[in-house]
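Enquirer: Those sequence lines, one after another, are chains A, B and C.
Just so you know, the first sequence maps onto residues 1 to 450 in our numbering.
Just so you know, the second sequence maps onto residues 1 to 669 in our numbering.
Just so you know, the third sequence maps onto residues 1 to 339 in our numbering.
Treat the hints with care, as some may be off.
What the hints assert, rightly or not - Cβ-Cβ distance ranges computed for the label pairs, FRET-style:
no.: 1; chain 1: C; residue 1: 335; chain 2: A; residue 2: 258; range: 30 to 38 Å
no.: 2; chain 1: C; residue 1: 17; chain 2: A; residue 2: 197; range: 36 to 44 Å
no.: 3; chain 1: B; residue 1: 230; chain 2: C; residue 2: 229; range: 49 to 57 Å
no.: 4; chain 1: C; residue 1: 113; chain 2: A; residue 2: 142; range: 55 to 63 Å
no.: 5; chain 1: A; residue 1: 207; chain 2: C; residue 2: 32; range: 40 to 48 Å
no.: 6; chain 1: A; residue 1: 210; chain 2: B; residue 2: 130; range: 55 to 63 Å
no.: 7; chain 1: C; residue 1: 339; chain 2: A; residue 2: 197; range: 16 to 24 Å
Hint data in this document are derived by calculation from the structure and do not stem from the laboratory.
Only a predicted model underlies this, so the values are computations on that prediction, with no experimental measurement involved.
The C-beta atom is built at its ideal place from N, Cα and C for all residues, glycine as well.
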Amino acid sequence: MSAVADWQPRLVALVCNWCTYAGADMAGMARRTQAPNVRVVRLLCSGRIDPLIIVTAFEQGADGVIVSGCHPGDCHYVQGNLLARRRLTIFSELMDFLGLDRRRLQLAWVSASEGVKWSQVVDEATAAVREAGPLRGFGRPAAGAPPVRFPERPSAPRPAPAPGENEATATALRERAASLLGGGEVAVVAGYAAGSLPGQMVPTFVSDAAGTEVLDWNERCLANLSVYLPELLRRDGRVGMVVKSCDAKAVLGLVREHQIDRDRVVLIGVPCTGVRPDGRLAAKCYPCAEAVSPIADMTAGTAPAGPRAVAPDPRDAEIAALAALPADQRWDFWQGQLGRCLRCYACRAVCPLCYCETCVTDRNRPQWIPVSIDGAGNTAWNVARAMHLAGRCGDCDECARACPADIRLDLVNRRVASVLEARFDYRPERAATAPPPLLTFLPTDPDGFR
Amino acid sequence: MSRIGVFVCHCGENIARRVDIERVAGFARQLPGVAVAADYAYMCSAPGQKLLRETIASQRLTGVVVAACSPQLHEPTFRGAASEAGLNPFLCEMANIREQCAWVHEDGVAATEKACALVASAVEKTKHDGPLQPVEVPVTKRALVIGAGVAGIRAALDIAEAGYEVTVVERNPSIGGNMSRLSETFPTLDCSQCILTPLMVQVSRHPRIELLTYAEVEEVGGYVGNFRVRIRKKARFVREDLCTGCDDCVAACPVAVPNEFDMSLAWRRAIYLPFPQAVPPVYTLDADACLNARLTSGNGEYRVLACERCAQACAPRAIDYDMRDQVVERQVGAIVVATGYELIGAEHAAEYGYRRHPDVLDGLEFERLLSASGPTMGELRRPSDGRVPKSIVFIQCVGSRDPRFGVPYCSRICCMYTAKHALLYRHKVPDGRATVFYIDIRAAGKGYEEFVARVMEEEHVVYVRGRVSRVVRDGDRLRVHGVDTLSGQALQVEADMVVLATAVVPQQRQGELARKLRLPTDSGGFLQEAHPKLRPVETLAAGVFLAGAAQGPKDIPDTVAQASAAGGKAVDLLSQPRFLREPTVARVDQLSCTGCFDCERVCAYGAIERRELHTPGDGRLRFVAEVNEALCEGCGVCAAACRARALDVLGFADAQLFAQLGAVVGAAR
Amino acid sequence: MDGWRVSDEQLEGWLVSLLDGTRRVVAPVAEDGLTLFREVTSADEIRLATRHPRTRLPAKETLLPATEVLFSYRLEAGGVALEVPPQPSDQVVIGLRPCDAAGTARLDEVLLADSHYADRRRRTALVTVACTSAGPACFCTAVGGSPGGTEAADLQVVPLQGSWLVRPLTDQGTTLVAGSAEGWPEASDEDWMAAEGQRRAVEATITTEPIPSEWVRGLAERFDAPAWQALAERCLGCGLCAYVCPSCACFDISDAGGALCGSRCRTWDSCGFRQFTVHAGGYNPRPSHLARHRQRVLHKFAWFPLEHGALMCVGCGRCVELCPAGIDIRQSVVRVMSG
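When you get a sec, could you build the whole thing from the sequences and use the hints?
Expert: What follows is the structure, encoded as structure tokens:
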């Protein structure tokens, strides 16, 4: 790169045809002089903008991106900008969390008559990006970036279950499964059995009552079995599944998205005190108040009576610690994390809601996600994953568990979920009744657009 | 390999003054896929277009980029020229180096650099362009008109007169709408019935008009040119083909209920004709009120009586208690929505005593009292005691222009009809005192201002500029507390009757219909036109047009004008053998579609359909999305919602966006 | 003379001498609670302690980068400029476990014919550290390896009773210690015997039965065994097993970029992915988890040994430990042979 003094910020503006593009023309007709750094790409509607297009702009070399469309209520296509508003709000919060300087992503409503406003948007965005400097590269930061110190996790709000408790549940579970299979209500039961490593519990599929002996239950039954549901239903028609309350939200999601027929699934709820990978209570279990999923069709054993001890999700304190850092330190942290991504797609494979026939990362005309296993490709993939799960994630944390590089995908998901809750009053358990929050809108949605 | 021609326009000095045209052309020339780059003083001129056409032919170009002004200005020009030279018009793109470059930058070097980037972007987009053909939609030569007030009647007659079949659906037993309730009309004081009734009869007799009264639109499927409409014909328990309109049944009926047509100021029987001039002149048996045991009432009450007096009285045996609702289906090419208005509910006028004092009326109720065919046969008498009111206070803007308790907009007709009411009152009760409370007088129509002036000056109507705070009962009279904002004085007016000019709002169930038609509504609930100025009768649903107060409050002349406009638009559509739509629509790669139907959730046009697909390989049967090109507007909201990117938009495809991004941020490096 | 017995200080002195800037040094370091191979610039980053766990991921990236740009291009005035990446520099990879080094030997079998790999491989020295304990998923002894194995190593370091045995195994290994070894005490026969004893003790803790050599043909003949069905049932189709494997060598080549600039690059690929074998016309010869899991097992335990003589699995156990579905390749082999 040439000397910093010669550096000129490069900005891309993704604008709608009907309002902002016409507004930019209006600026021209009024000869409103403006910075020459912005390159306009015209789309028909701001609602057409997949955030990955913005990621691509950055990856291709843009230092800043402007997104602009019609004012809310004025959309040429009725509601495109209102959907865009939600999607871009989540995206911009996600990118902020990943350490992208907020100045680099500018959102503005500009009508066809607002030539003056458009020229101001161009000038101010250019000035802001100039101030922010050239976009820092994607990829692992050079050694020397200080590690992020996360707060100590407080002790678990609940003790590990006594061995007898697990055994009682397991016995009831085996009975339930045997009766479902014996009575022909289901053709297969998905549950857990001991794996080949010490203490390991793995998914298992039992097709006859006799085989139910292998079924077991304890706090190391980590996997979310919902991921197997679509395939099992295709194969076997009717399926019984052992379900923890965290896993059940994925079932709701699969039903909502027409991937499974709820009537052909029997959910066997297990009284769960929380899973304990490595002996420690998983973070997602701290605030969980539901011993048995409320959508379970039956319970193996008996659910404990009365409310149980819960504690704040320790990930929230970790997210707060990250959020308190300057953006460039967050960028370093996440580029360090994402730099380890192997693109093995274990996160995708274990996610019950990643069921696409062809994943966007496998599409190559155009190449939505760079194939390169490096900063740019890994960032694009992980942003895509997070955005695609936004408002759909059931918070089972399977992606983070599966990641062989221990990338904190759980923090990314949790951050997105908390923005969804704060801005759009959405929580994963609403999947039973509410539409996916990025596929709907309120005219009164909060708005970070200028 | 692409062979793209790039044409850089000087636009006289407009572009050339800032942008180094030769550099831009030179830059374009060395871009991969560019066969030729030329420049010309005015590309849009006849010689410029000729250059374009000749180069396409001589260089066997596969695509064209014109770097000139905004595509919003000349894209049709250059696409037309390309088309004339045998190139598909959608293989021609523009780089906007005038409005968005030369005109807004002072630094020539930076402007030239930007122009190069914009040209590279357009070239990359063109490389990924495919030839597109307009979407052709066959057109069914029949229109549906929903609502048969004056708007629906006018639109139906205009379409039928132009030679097309029309089905008119009216919810009430008779056509005529609110206009048939009115006494006389401003500013000419024609009798409303006198001018409307001939049209009503014309509609009922027209050979190309099918009139379905006492019927409602239940479901609308299909798309422009090809709507499938299911219409519920409610059972009226009287056979239209046998009823002679003799009125014997009414005489026999023992049940009396308030007559909706008279705004419940009079009674009717359970079997009734809403008003004497009703069209069709066929009686209707109100199932909710009738005592016959065989009728299924809407409110599901259990009936013990088995009254059959009307059937016994009916000589032609037209009464059929076993009649049931009937659903008919019609194929239509165009739809005119003319569902009209109603007045805002009483809860918005509580402080004026509405619904608490019988002598506080709204505008339509007062119209019925004035009407020669009304409950008092046109004699003005108080509902409470039948006395002739010697003083009436008219209050304008009740609910209108009141964002806090009513609606924010102006209802447009109240100033005029209040003036008319005051005038008619003074004519009927020459010694009566008329006082009007108003905020402003809005009389912006032909002859309107003169009419109001006449009412004020010649009819001795007292206009008080100010608000009324409340209306209280004082013995058998009413006392109106108000304030004259011109003098700043509080004042009280004694009145025998108070008439409220309540706000005009859409028909209560219009929202339901809007959803069936997938029409957006504005904040007031009125149907949203496609463009407030340039497309006032069209909607965003192609093939659906608006007429009358369904779109916003308006008076009769405006309603009729819009109805004729909507009729004209419908005729325009029906007259085409095929309807041509922009081909920039969404398309599904069905093998990649996973069937989550998130696209369906975000599509404002209902253009996503479900289709079964056998997955190649494993033969799985699954549902995938399909775009109905006749409905799709090409916004691409579905594409953004599609995680698998199975949806794309022709002409603005993902591959094009990516190539453009690579060009605009890569070119200047 | 086999080698030396050195103290912590002497070993560190040697590590410091390697970091003289003439080569790239890659060694296990701590990162976010993981131990991973990274290029190091100072000796105190290196985690060579005797009981550090096996690195989470193998050192495969040092020879077969996850992404390698083969060439890039850029449109410039006057034409297209091609750019090829610079020649690789000398590197030494320190701290490989014997299984990881054995994995490199398998990579060599497949990839030495490729100039990009060969260039890098020729300039790379491998320094292994013998294992003093085995993890729960370790099974090197079942596939012909050993906690003290030296396959593919240029130099071996054996942690022994608070000091280190250093043994060069190739000329390259000898060169690596050339400057430092003067003055190092030679290791005694007793030292080597103690190391041998230590090796046997670790081996004794690995309970996986060795895979009999006749199973190679046996597996090949059981391509259609019914047992495959149940084995692949849990598989979710990710590429994790191949990506954490020190011996998996599959890659894909793709072009990125557009008309103005771009590159051709080689990236890792995994037979676990459905897209791995999809043909241009849409046909997929391995359309199911069954077919893909069977391919992975048979490639490692039948096809590769039939071609190259050695199993393509080195028993590091990473895939067993990290598979999110809990699939154990050892069980797959045993069940197919016994089912």
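Enquirer: Could you run down the list of hints and mark each one as holding or not?
Expert: To see whether the hints hold, each was checked on the structure:
With their beta carbons about 36 Å apart, residue 335 of chain C and residue 258 of chain A fall inside the hinted range of 30 to 38 Å. For the pair residue 17 of chain C and residue 197 of chain A, the beta carbons lie near 40 Å from each other, so the given range of 36 to 44 Å is met. A hinted range of 49 to 57 Å holds for the C-beta pair residue 230 of chain B and residue 229 of chain C, which are about 51 Å apart. Checked against the hint of 55 to 63 Å, the C-beta distance between residue 113 of chain C and residue 142 of chain A comes to roughly 35 Å, which is inconsistent with it.
Range check, residue 207 of chain A to residue 32 of chain C: about 42 Å between beta-carbon atoms, so the 40 to 48 Å window is met. Between residue 210 of chain A and residue 130 of chain B the C-beta distance comes to about 60 Å, which sits within the given range of 55 to 63 Å. For the pair residue 339 of chain C and residue 197 of chain A, the beta carbons lie near 21 Å from each other, so the given range of 16 to 24 Å is met.
In terms of the numbered hints stated before, the structure departs from hint 4 and from no other.
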